[in-house]
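Participant: Here's the letter readout for the chains.
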Amino acid sequence: MAYQRPEFKEQYENYIGGKWVAPIDGNYFDNHSPIDKSFIARIAQSNEKDVDAAVEAATAAAPAWGKISIVERSAILNKLADCIEQNVEALALVETCDIGKCLRETMGADIPISAGELRYFAGVIRAEAGSISDIDENLVSQEVHEPLGVVGQIIPWNFPLLMASWKIAPALAAGNCIVMKTAEQSPMSMLLLLELMEGILPPGVLNVVTGFGAECGKPLASHPGIKKVAFTGETSTGRLILQYAADNIIPASLELGGKAPNIFLESVMDQDDEFLDKAIEGFVFFVLSQGQACTSPTRALIHENIYEKFIEKCLVRVAAVKMGDPYSLETMMGAQSSNDQYQKIMSYLDIGKQEGAELLIGGESYDNEVYPDGYYIQPTVFKGHNKMRIFQEEIFGPVLCVTTFKDDDEALEIANDTQYGLSAGVWTRDIHQMQKFTRGIEAGRVFANCYHTYPAGASFGGYKNSGIGRETHAMALDHYRNTKNILISYDKNRQGFF
Amino acid sequence: MPLERVSVTEAAAKVIERLRDKHGELMFHQSGGCCDGSAPMCFLAGEFRLGGRDLYLGDIHGCGFYMHADQFEYYKNCHTIVDVVEGRGSSFSLEIPLGLRFMIRTRLFTDEELADVRPVEPAT
Chain P
-16 MAYQRPEFKE QYENYIGGKW VAPIDGNYFD NHSPIDKSFI ARIAQSNEKD
34 VDAAVEAATA AAPAWGKISI VERSAILNKL ADCIEQNVEA LALVETCDIG
84 KCLRETMGAD IPISAGELRY FAGVIRAEAG SISDIDENLV SQEVHEPLGV
134 VGQIIPWNFP LLMASWKIAP ALAAGNCIVM KTAEQSPMSM LLLLELMEGI
184 LPPGVLNVVT GFGAECGKPL ASHPGIKKVA FTGETSTGRL ILQYAADNII
234 PASLELGGKA PNIFLESVMD QDDEFLDKAI EGFVFFVLSQ GQACTSPTRA
284 LIHENIYEKF IEKCLVRVAA VKMGDPYSLE TMMGAQSSND QYQKIMSYLD
334 IGKQEGAELL IGGESYDNEV YPDGYYIQPT VFKGHNKMRI FQEEIFGPVL
384 CVTTFKDDDE ALEIANDTQY GLSAGVWTRD IHQMQKFTRG IEAGRVFANC
434 YHTYPAGASF GGYKNSGIGR ETHAMALDHY RNTKNILISY DKNRQGFF
Chain B
7 MPLERVSVTE AAAKVIERLR DKHGELMFHQ SGGCCDGSAP MCFLAGEFRL
57 GGRDLYLGDI HGCGFYMHAD QFEYYKNCHT IVDVVEGRGS SFSLEIPLGL
107 RFMIRTRLFT DEELADVRPV EPAT
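Chains P and B are the protein sequences, given in the same order.
Number 48 in the numbering used here belongs to position 65 of the first sequence; there are no gaps in the numbering.
Quick note: to get the numbering used here, add 6 to the position in the second sequence (first position is 1).
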């Protein structure tokens, strides 16, 4: 059955100081659904004045929020999680409409995992502690954590609420107030959550401004009132964010994408069993979120001895990826997020063909009979070699590039021959070989005999050009707080220098 | 005259003019990575601090076009055409508030052309 497109208000404002506030200059932009290009709502087109107001509200709220008890802060995070869990269907429908991904992903993964992230950090802060050490008989060193104050967060559009929760949860758990900018393609689920969570957070603790990067993102990232900035996106803007952070001498955490290798070793085909079936699913995971995932396994490396038989089975599974109505739970892949993304992906299909890659399946746009006006592309698999641009650049679409290798060393060489190092997959029945690959691959997340699973508590972040910092793990708290050392002397006698 | 590595469509040149009228001199940096990456970013000239490993590929409509050396490794055989389409992006590129997005189209140089193509220079 297909669900109905959700209803929206005509216009949405910024959320500042616990209130809905119109953008100061009165400008709005139109938000459309990539499913069918239909109008969703008018969204506040904020600029530096709105960012100033949001930072001011967050600054006013920060002292009290930073001092409430851990018990209370944890309970509030759990209430936010409750709020998401009680509204999974509504939030999932809004997210599907806003960004085009199919409902079975938003309802089954994005929204529930968002709640799980908040619960994880709610638990972590109840259990963790600072540390204390006796330097000598009368000198005691305490390491205590203190919030940074106000932090700026810029959210990407590919997993709107999930990426927001990855940033909100550790920031609030560590006692900070937030000024967040949602992506211009995907503000709706965050705006709906702000409506639903009315009264849970004290005013000013979480402020959301919508708008464009140059007008609203830059003033936020460069604002002297923020004490840390977090960004997920592409590398040029990532470098700009680091520049602004350098100007203000504040920390920045960045997640900038990847070009993940997904390595299928010879033993995968030793038996025709559940594990082989799972490995084939692992191959097809490049279509999750229409390929618009930083971790998308977009380079499949297959041992040459199993290539023919394995790829045959995989292509059958790719051909079975059902497209159609993203609001139907039967549909496995939805719309690309916007026209420019669609055009970019199509341009890379052209580049792949020009470079001489062999097209194994797909390679064209998809004519969606239900929504002929949306941005749909067929799952596409090319065979080629790792020096091709389609193997090296993040296409951010349902495009997989396949190549073969002859032994472990060649597989590792190809896997690591990339600017990025966010994630990788390795599939084998041999635990010794698994160890060689999981430790040999230069990436922040290696999926071993699995892919695309994101439990809170498993750290996430990049090696190489994929970024700086970690999310979804307790260690992310340290990106959001100061460490204060209190060095206490119990000795009544002077040190003796003066 | 050597062959240029980068060129610009008429539509993109018009958008550059609109942006230059509004903001002043501009520059382009080819971005990599997720979301809006693998696309050119248009910034105020000097806004983006070029580093020792950025390369200058040429000018498009009076704006320098730059790319990181690691990325250029895969562009050295390509003629890059900067175009513009309707769209949204969440990067800091200046055309986005216009509801437009710069993108690149690519044509592989022939072997004969490659012998005559403009050499790249360090950006700084």
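Everything labelled a hint here was simulated from the structure, so no lab data went into it.
Quantities reported herein were computed from a predicted structural model and do not represent experimental measurements.
Just so you know, even glycine gets a beta-carbon here, dropped at the ideal spot from N, CA and C.
Watch out, some of these pointers could steer you wrong.
Some chain B residues judged to face chain P by a derived CB distance under 10 Å, without partners named [as the list claims (entries may be wrong)]:
{"no.": "1", "residue": "Phe54"}
{"no.": "2", "residue": "Tyr62"}
{"no.": "3", "residue": "Gly95"}
{"no.": "4", "residue": "Pro103"}
{"no.": "5", "residue": "Leu106"}
{"no.": "6", "residue": "Met109"}
EDC-like, lysine to aspartate or glutamate: derived pairs with alpha carbons at most 16 Å apart [to be verified]:
{"no.": "7", "chain 1": "P", "residue 1": "Lys447", "chain 2": "B", "residue 2": "Asp117"}
{"no.": "8", "chain 1": "B", "residue 1": "Lys82", "chain 2": "B", "residue 2": "Asp117"}
{"no.": "9", "chain 1": "P", "residue 1": "Lys370", "chain 2": "B", "residue 2": "Glu79"}
Participant: Which of the listed hints are broken here?
Facilitator: Checked against the structure, the hints that fail are numbers 2, 7, while the rest are satisfied.
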